[in-house]
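K.L.:
So the protein lines, in turn, are chains E and G. Here the first sequence stands for residues 1 to 498, where the numbers follow this note's numbering. Here the second sequence stands for residues 1001 to 1319, where the numbers follow this note's numbering.
Misleading hints may appear alongside valid ones.
Reference listing, derived: stretches of chain E covered by chain G, where coverage requires no fewer than 3 residues with Cβ under 8 Å from a Cβ of chain G [said to hold, decoys possible]:
1) 311 to 323
2) 352 to 366
Distance ranges between label pairs, derived from CB positions [claimed, not checked]:
3) E:GLY220 - G:TYR1187: 47 to 57 Å
4) E:PHE157 - G:VAL1302: 41 to 51 Å
5) G:ILE1305 - E:SER12: 28 to 38 Å
6) G:ILE1126 - E:ALA303: 20 to 30 Å
7) E:ALA379 - G:ASN1245: 50 to 60 Å
8) G:VAL1308 - E:PRO131: 44 to 54 Å
9) E:ARG390 - G:TRP1025: 34 to 44 Å
10) E:ARG122 - G:PHE1125: 34 to 44 Å
11) G:LEU1129 - E:LYS304: 30 to 40 Å
12) E:ALA316 - G:SER1097: 45 to 55 Å
13) E:ARG339 - G:GLY1178: 33 to 43 Å
No lab work stands behind these hints: they were computed from the structure. Ideal Cβ positions, reconstructed from N, Cα and C, are used throughout, including at glycine.
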Amino acid sequence: MSGLAFHDLHKSFGAVQALRGVSFTVARGEAHACVGENGAGKSTLLKILAGIVRPDRGDVRLDDVPLHFANPREALSRGIGMVYQERLIFPSLSVTANIFAGREIVGRAGRLDEAAMRARTRALLDQLHVPISPDVRMEHVSAAHAQLVEVARALAFDCQVLVLDEPTTSLTDAEVDHLFRVLMDLKAHGVTLLFVSHRLPEVFRLCDRITVMRDGAYVGTFVKAETTPDTIVRSMVGREPPARVERSATSATTRPRLSILGLTRRPWFEDVSIDVRPGEIVGIFGLVGSGRTELLETVFGLAKPDAGSVAIDGSAVTLRSARDAARAGLALVPEDRQRLGLLFNLTLRHNLVLARAVKTGARRIREAEEDAVAREQVANLSIKTPSLTRLPDTLSGGNQQKIVAGKWLATAPRVLLLDEPTKGVDVGAKFEIHNIVRNHAAAGMACLMVSSDLPEVLALADRIVVMREGHVRGELSGRDATEEAVMQLATHEVEASA
Amino acid sequence: MKKWWHAREFSTVAILALEVLFFTWYLWPEPGRTHPFLNVGNVLLIFKYSSIYGIAAIGAAIVIISGGIDLAPGSVIALTTVITGFLFVEHGWPLWSSALVGLLVGIGAGFISAGLIVRARLPPFIATLGVMGIWRGAAYIITEARFYDLSAKLPRDWHLAGISVDWLGPIVMIVLAGLFQRLMTRYQWGRSVFAVGGNETAALFSGIPVNRVKTSAYVISGLLASVSGVVLAVVQGQGKADLANGYELDIIASAVVGGASLAGGRGSVAGAVLGALIFGVLRNALPQIPGATFYDRLIVGVVVIVIVVMDQVLVRREQ
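Next comes chain G alone, as it looks inside the complex (with noise of 0.2 Å):
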């Protein structure tokens, strides 16, 4: 059996906390004052920044370790605010089905991929790729450069069952990631997932069903996209075209921060909100420390190769 410390997931995790502790330590204040990073309410504004990419990594991850790649994510949030927003707002829907339809628009986007890449052959970098632009061409056909502010239709200091609405994204990001880190290491499907990444030929020869397999990564990255859409436009309270614009970038570094591989066949779900979350530290922490403001893009970038190259120099050590 493999020992626990050796999962992919622990460096994982052990990169976040040297993470954490480094920012709790660089910016410890002075005696008496509040620490302005390690406090309750920064915690829940890094774990509702990151949970809106963080939910959409999860599909990005399984597509990835199917042996795909799907840039379409960002436009699928920016056009799931918009749709949600639209029928709240213009057509007085209620939030609910609102939602629901924004959530049918992520479904159908990941069937029309999947259908690029599995019927017509597409590569799938340049089928999400076209896909992108039309989802965000839409979102901005629909709104005619306005913004649908949900906001105002929204109680005030929002609760949901007793808990702020502030906590939606990060419980509904953890509760997917536990579920699909489930589906993918204890059910059949997951493991086909693997299979298929790792090799599409023997993963066919062996009698798995390869393009219903991809199908159902696509349409669970659009689903999830819009998920986070549907957080996006209620916890921010808007329905706008150019929200999440390069968030697809974010959410591919995410899944390979967390340990999935472009070449396919390998990965995880869990590894992939962890990624989320160490950008999300990334972005909170930097801007706190003077002069560092303008280093944020340049900081994630370099933190990105750093530790994909200490990946593979541990992969090769194990072999």
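So here's chain E without its partners, still in its complex pose (with noise of 0.2 Å):
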């Protein structure tokens, strides 16, 4: 069968076994995902055909013929381009730059051809939409437009098939509008595409066909029209979902036990007032750039607001970092846990009793208070670990994710402020940590949470704030909020100035 096929590839990490004999084909000229949860194998699998791993047993072919990689760049000579979910750029060059680093155009006595590199990338960018210079250093380049840079530089030498892995995590809803617009036209154009991804609505959007993965073994694969999202997600996690946690409304007579009032800092966000009620959930949406990630850290201490105030149970309170906050009773889960969240190179018991360790002022550090404020987090939060004295790296996204969350949980706030709580986290996880939030609301506490995943602002907030430019630009009851109405208040002026 002409296309891209794995065969029975089997790989093993030390007693970990990535996995178990997948074998799948990619037909030639489709759209095809790859989905999972965290852990399913779906790296592994890209790794293998990068040719960073080498499988145990069983290969990949091409139209029939094996392919043996020794690194990404062979399999790019054979027709392979990949788009890897870290971001491999070089901030200090130009796009130019990165499109061709490594493998640079060049003339006599090897000196580089930067006219032909420039014209290619011109060529490469306006192909793809990207309204940048071939000469702007990548450091001024947006996430989303970062991206596409990625997707150009896997299809500067004639990409027959191009592998995306989570292209879509850090872009906005119009953003991946612009990405798949491209996508298709790629695939228009005879290039077979295989998206592996976390976002069902995306896939069922872009794709022909869906393999779903599990535990490092493959599971089957699904025509679209003959599918559902229910049927992938089950067998994505191999059992029901959780049942969602209920909890009763908040009265809206109760004090507010956070207030944020005309808070502004320029050029963020101005003017920006919200209430949250004990036991209430507040989403704040908005697209990239509209503020919301900036305002948090705000209320959170972590920069000076130019005017306004922020209250707690009515006395207002002057956070000058986030230890100020931890104190207050405020406690942030932000976005980027990788980078903002973790710490690796302490055990995961460490981490845990990290903030309430700042928030107590403690000076000795007592062992088994420790232990059990760590393991009351592990239990809580149903974190899958064999070891407390594990680093955080040795845990999947979504269990990372649940570390960060137990950090600030350990310290028994008032008020809990995330921002995006399951960004890249897997289906189950994602339905957890949701439960997670709604049972510290109906115990009590005031959530606030920022995230640009649209359905999980319906499915958790009580009330949904829209903000756009840094302004806020309605609001919404959770109850009534439809996806239209949300949307239309997000982008109003982006479109009508578009």
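If you follow the hints, you should be able to join the two separate chains into one complex; please do so.
P.N.:
In structure tokens, the structure reads:
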């Protein structure tokens, strides 16, 4: 069968079986999705394809010819381009230099042919409708455009098969639309797509067939027209998702636990006022760049506001650091757990007790107490790990996120700020995290959550505050809100001015 | 619970033990003669020599664990001997107050390095490289090519509380190593140093006062360098601007051989002192091997690389 075939792949890392006999074929010219929870073996599969990891058994074949790549560059020379989940960019180099990094076009005596590379880059950017100059440095390119530059890099050399690993995690809906238009266009020109993702709506939008993996094994390949997202989720998780925790609505007369009044930090946001009552979950929705993350960080004392105030249970607080915030009863689960949340050199236990120690101000370390605190969080959040003396990088994304949440829940906060709480976690962990938030709200915590995941906001929030360009543009009750109503508020002027 | 033989310090002890065994065997004397390496006088000599940079290596390890680097200790040691000597010899101050001013100089030097790094946001390598030149230069300006002879004013064969002053360095080193090992492993401050070195932004987001933690690391490094300086001035009886020249590299190498990672977030104070002893033994034993005198620096360099490579292999196997 013509196309890209994975044939009986086995791979073990020590005692962990990452792949146990995976076979499926991506037919020429189709858009094929590969889905599965974290730890399902998708990354290992891609690493084998790129030649970074060697399989213990089995091989990959392109049009029935076995491929044995020694490195990603060889894969590229055979027409297989890859867009990785981690950004592989050189921030201080130009777009052109990034696209041709390691594969520069050279003239006589090894001199770089800048003109040729620049022209090719220009053509690629035009093809992908990216309105940036080939000469601009990557550090000045937005996340969405950077993602498209990665696609351009994969396409730069006659690419027949384009592999994308979670390409939309940091993109807004409008940017995803653009990326998908580009991908559909490529598909129309005969490029085969292999799309690896967590996001089922996107998978259903883009792909013709969907292969599901679970625990390193192949579960099945489904034709889009003949299946439903529910079927796919069930085969990914291998069990029914946990039941949704129900809670009663809070009364509107209760005094707000968190009051943000006229908070301003230029140029990020201006005159933002939000009240959150005990037991309430308020969702902040907005596109990237609408000032949501900056708002949470300012409320948390990590940046100084230009104007406005924050009050907790009716008394105004001045917070100059995360420590002040922790002591005032605030907690922030930040957006980027790798960069802002986890200490990779400390054990899970030490990660879990860090914020609590800051809050209590204890000088001596008491092992028994730390152990008890950490174990409580592991039990409450059902964190899956064989031992608390492990380092965070041994955990899946979902469990890492729970460690970051647990670190702050161990401080017994009154106000919980959440920034993209389920970004890059698998479906099962996502449901669990939602229930954790609901449980803590039900116990009287005030939760303020920023999320770009609209279904998530609709599922969790009692009220939805929509931000656009640093201003609050409207507020909807969670019960009555629809995707269309929220999106309209979030994008209104952007669409009008475009 | 982690097994004790999995502790990083254990492998450093093992290397030190192997080294001692090797030289004991290699330098085994003819019957009837004392062992040139394994005798009380020589062991004291090794400890005495190693303690000068071993004390400073404790501070260097803390700075490295916090994700920084301190190139200033060698110069701070020299400046401390000069200031202590200047007050004690030229101005006739008592020894204890001269030494106290020497220690204050070290603390001040630490605050200046920390200010350049935390407030002026200079990279630690650049900030301490500049500071290193400034303190060395200050020492030369004060002494003007002379040196202060403390030994003339100190009692001969001096004993403090019944112990020969030769033991001052080793005792101070072991006491400080014990103290800081405890602070780094049993106290929240030490945990914060590891957190800042591991991921500075995440530490900040966790509420750790990152700037204060970094400042404390450089101030401790400056203070411990000046403790080395006072010990050197008293034991060697000199205050001189070109003392401890190039020690910053031995000090950093001791910390690294003892398990400190220059990427930050990993290392140990006890390891740094053991690292200093590993170098002390090498420097002491190699010149006793006929023909090896000129290989001393080369072998020391090779040993640094071999030990760090071994360490990385072990870490990789653990994962």
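K.L.:
The hint says 33 to 43 Å between ARG339 of chain E and GLY1178 of chain G; measuring C-beta to C-beta, is that right?
P.N.:
This hint holds: roughly 36 Å between Cβ atoms.
K.L.:
How does the Cβ-Cβ distance of ALA316 of chain E and SER1097 of chain G compare with 45 to 55 Å: does it lie in that range?
P.N.:
holds (50 Å)
K.L.:
For the pair ARG390 of chain E and TRP1025 of chain G, does the Cβ-Cβ distance stay inside 34 to 44 Å?
P.N.:
With Cβ atoms ~41 Å apart, the hint holds.
K.L.:
Apply the coverage criterion to the segment 311 to 323 of chain E and chain G: a residue qualifies when its Cβ sits closer than 8 Å to a Cβ of the chain, and three qualifying residues are needed.
P.N.:
holds (count 3)
K.L.:
Closer than 8 Å, Cβ to Cβ, for at least three residues: run that test on the segment 352 to 366 of chain E against chain G and report holds or violated.
P.N.:
holds (count 9)
K.L.:
If you check the beta carbons of LEU1129 of chain G and LYS304 of chain E, does the distance land in 30 to 40 Å?
P.N.:
holds (33 Å)
K.L.:
So does VAL1308 of chain G sit 44 to 54 Å from PRO131 of chain E, Cβ to Cβ?
P.N.:
With Cβ atoms ~48 Å apart, the hint holds.
K.L.:
A range of 34 to 44 Å was offered for this pair. Does it hold for the Cβ distance of ARG122 of chain E and PHE1125 of chain G?
P.N.:
holds (40 Å)
K.L.:
Within 20 to 30 Å or not, the Cβ separation of ILE1126 of chain G and ALA303 of chain E?
P.N.:
With Cβ atoms ~27 Å apart, the hint holds.
K.L.:
Is the gap between the beta carbons of PHE157 of chain E and VAL1302 of chain G within 41 to 51 Å?
P.N.:
Given about 44 Å between the Cβ atoms, the range holds.
K.L.:
Using the Cβ atoms, figure out if ALA379 of chain E sits within 50 to 60 Å of ASN1245 of chain G.
P.N.:
holds (58 Å)
K.L.:
Against the range 28 to 38 Å, how does the distance between the Cβ atoms of ILE1305 of chain G and SER12 of chain E compare: consistent or not?
P.N.:
holds (33 Å)
When held up to the earlier numbered hints, the structure conflicts with none and fits them all.
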